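Participant: Taking the hints into account, I'd like the entire structure generated from these sequences.
The listed protein sequences correspond, in order, to chains A and B. In terms of my numbering, the first sequence is residues 1 to 231. In terms of my numbering, the second sequence is residues 1001 to 1160.
Misleading hints may appear alongside valid ones.
[To be verified] Facing chain A, from chain B, some residues (calculated, C-beta under 10 Å):
1) L1021
2) P1023
3) W1028
4) A1077
5) S1082
6) V1155
[As the list claims (entries may be wrong)] Straight-line Cα separation of at most 20 Å, SDA-like style, residue types lysine to any residue; simulated pairs:
7) B:K1013 x A:E23
8) B:K1013 x A:R231
9) B:K1054 x A:T123
10) A:K27 x B:A1128
11) B:K1148 x B:Q1037
12) B:K1039 x A:D62
What the hints contain is simulated information worked out from the structure, not anything from laboratory work. None of the values given here were measured: they were computed from a predicted structure. Every residue gets a Cβ at the ideal spot worked out from N, C-alpha and C, and that includes glycine.
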Amino acid sequence: MCVLARVFEVAGLTTLTIAMVREHAEKVKAPRVLFVPFPFGYALGKPNDAPLQHRVIGAAIDLLQREQGPVLEDFPEEEAPEALLQASGVPHVLPEAKQDPADEVTTLRAFYERWLEDHNGRTAVGLCGIPQRRWRGVVRFLESYSRGEGADMQERPADVPVPQFIRYCVDDLKAFYYEARLTQRPNASESEIHRWFWGETAMAQLIRAVAQRMNASDNSALKYFAYGLSR
Amino acid sequence: MPRLLTLSEINRKAMLSFPCLEPDSTPWSLLRKPLSQSKISLVTSAGLHLRGDKPFIGDPQGGDTSYRIIPSTTQAADILQSHVSIGFDHTALMRDLNVTLPIDRVRELVDKGIVGSLARHYYSFMGALRNPKPLIETTGPEVAGRLKDEGVDLVFITPT
Chain A
1 MCVLARVFEV
11 AGLTTLTIAM
21 VREHAEKVKA
31 PRVLFVPFPF
41 GYALGKPNDA
51 PLQHRVIGAA
61 IDLLQREQGP
71 VLEDFPEEEA
81 PEALLQASGV
91 PHVLPEAKQD
101 PADEVTTLRA
111 FYERWLEDHN
121 GRTAVGLCGI
131 PQRRWRGVVR
141 FLESYSRGEG
151 ADMQERPADV
161 PVPQFIRYCV
171 DDLKAFYYEA
181 RLTQRPNASE
191 SEIHRWFWGE
201 TAMAQLIRAV
211 AQRMNASDNS
221 ALKYFAYGLS
231 R
Chain B
1001 MPRLLTLSEI
1011 NRKAMLSFPC
1021 LEPDSTPWSL
1031 LRKPLSQSKI
1041 SLVTSAGLHL
1051 RGDKPFIGDP
1061 QGGDTSYRII
1071 PSTTQAADIL
1081 QSHVSIGFDH
1091 TALMRDLNVT
1101 LPIDRVRELV
1111 DKGIVGSLAR
1121 HYYSFMGALR
1131 NPKPLIETTG
1141 PEVAGRLKDE
1151 GVDLVFITPT
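Facilitator: The structure is reproduced here in structure tokens:
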């Protein structure tokens, strides 16, 4: 977000910016930019690696010594990025006797609760505003939507359109699954977790079906929301 | 991220064709005090907000240019992400908020006396905007004004 640095600097604030796309930072000419060669989602290097995070922040702080800009410096430590897997990159191998996604949620709940305990209550779940005891209803809503039945939920706030509400529900479900799996397999790589979710869960199959339904519409806004569910 | 060379063809093209401002000059405000006496704030484009605050919205036209206020005393458990992009790995932030919003790291810098103090508030926008104009003209200057009012000297800006 190099443009913000420019806005702040015009107002008299000193800024240090971390950039992940060097080509964009170069064009925008923000005052002091540290380019980091990490995958998207890893701006400060790695989760739970405080020394590395401090080295990144320290390298940015060093840019305060410069007297004129634009300054665009490269962080010297390189991580071989692991390609982010999208749904289309993972074949689905769920057996014919497909599990009900709502039952799947139930079987994962114990792991998710352990995640909460292990992380002092920190969770990425919480966008749709529906308590988890009513998630069976969310699953039925998504199923109904995927069949083209004009589904809706009474819990949807009036100012949140259905496709946006679906996005919040799906983000919560994904976060629940990922956190449960990260608890089950704490040492699994990111790509193993993505492969499991998109390849082996009934929930991913349902999310694909919802996205397919949106994509089948002529409405470009719906296609936009489909793109954010599964691609 | 990643060097563009390491991206898939389709991602690389999307990145290269992303609309960017291309100005000729660079605004420049020198830090007027030693870092050890400066007040720092964090601003992120990661689409973060307080649990219970209004999530960011998907806008197929230009993007959501609004911002959220996060008190600097907030615990990681009370911060959520509603960024519309799925082009980044969400598992990193699930494991550790500091990988995007280094709340514990900056606190450590203040405790060590390297940085003077923390601002009362941090601010969050959502990146991947196709039309940053409202941000440049309205919400960006608004946050700049808030930062100035709080006596902030230095802003550390992080993406996701």
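Participant: Decide if the proposed pair is consistent with the structure: K1013 (chain B) and R231 (chain A), CA atoms, cutoff 20 Å inclusive.
Facilitator: 17 Å, holds
Participant: Quick check on the hint: A1077 (chain B) CB to chain A CB, less than 10 Å?
Facilitator: It holds, given that the least Cβ distance between A1077 (chain B) and chain A is near 4 Å, below 10 Å.
Participant: Does A1128 (chain B) lie within 20 Å of K27 (chain A) when you go C-alpha to C-alpha?
Facilitator: Holds, because 15 Å separates the two Cα atoms, which is no more than 20 Å.
Participant: Would the pair K1054 (chain B) and T123 (chain A) pass a check requiring their Cα atoms to be no farther apart than 20 Å?
Facilitator: This hinted pair holds, its Cα atoms lying about 17 Å apart.
Participant: Taking only the CA atoms, is the gap from K1013 (chain B) to E23 (chain A) under or equal to 20 Å?
Facilitator: 12 Å, holds
Participant: Does the interface hint hold: is V1155 (chain B) within less than 10 Å of chain A, judged Cβ to Cβ?
Facilitator: Nearest chain A Cβ about 5 Å off; hint holds.
Participant: Does the alpha-carbon distance linking K1039 (chain B) and D62 (chain A) stay inside the 20 Å limit?
Facilitator: 17 Å, holds
Participant: K1148 (chain B) and Q1037 (chain B): Cα distance at most 20 Å?
Facilitator: 16 Å, holds
Participant: With 10 Å as the cut and Cβ atoms as the points, is S1082 (chain B) at the interface with chain A?
Facilitator: For S1082 (chain B), the interface hint holds, since the closest Cβ of chain A sits about 5 Å away, which is under 10 Å.
Participant: Tell me if the interface restraint on P1023 (chain B) is satisfied: Cβ within less than 10 Å of some Cβ in chain A.
Facilitator: Interface hint status for P1023 (chain B): holds (6 Å vs cutoff 10 Å).
Participant: Min Cβ distance, W1028 (chain B) to chain A: is it shorter than 10 Å?
Facilitator: With Cβ-Cβ at 6 Å, under 10 Å, it holds.
Participant: Restraint: L1021 (chain B) near chain A, CB-CB cut 10 Å. Satisfied or not?
Facilitator: 5 Å, holds
Hint compliance for this structure: every hint is met.
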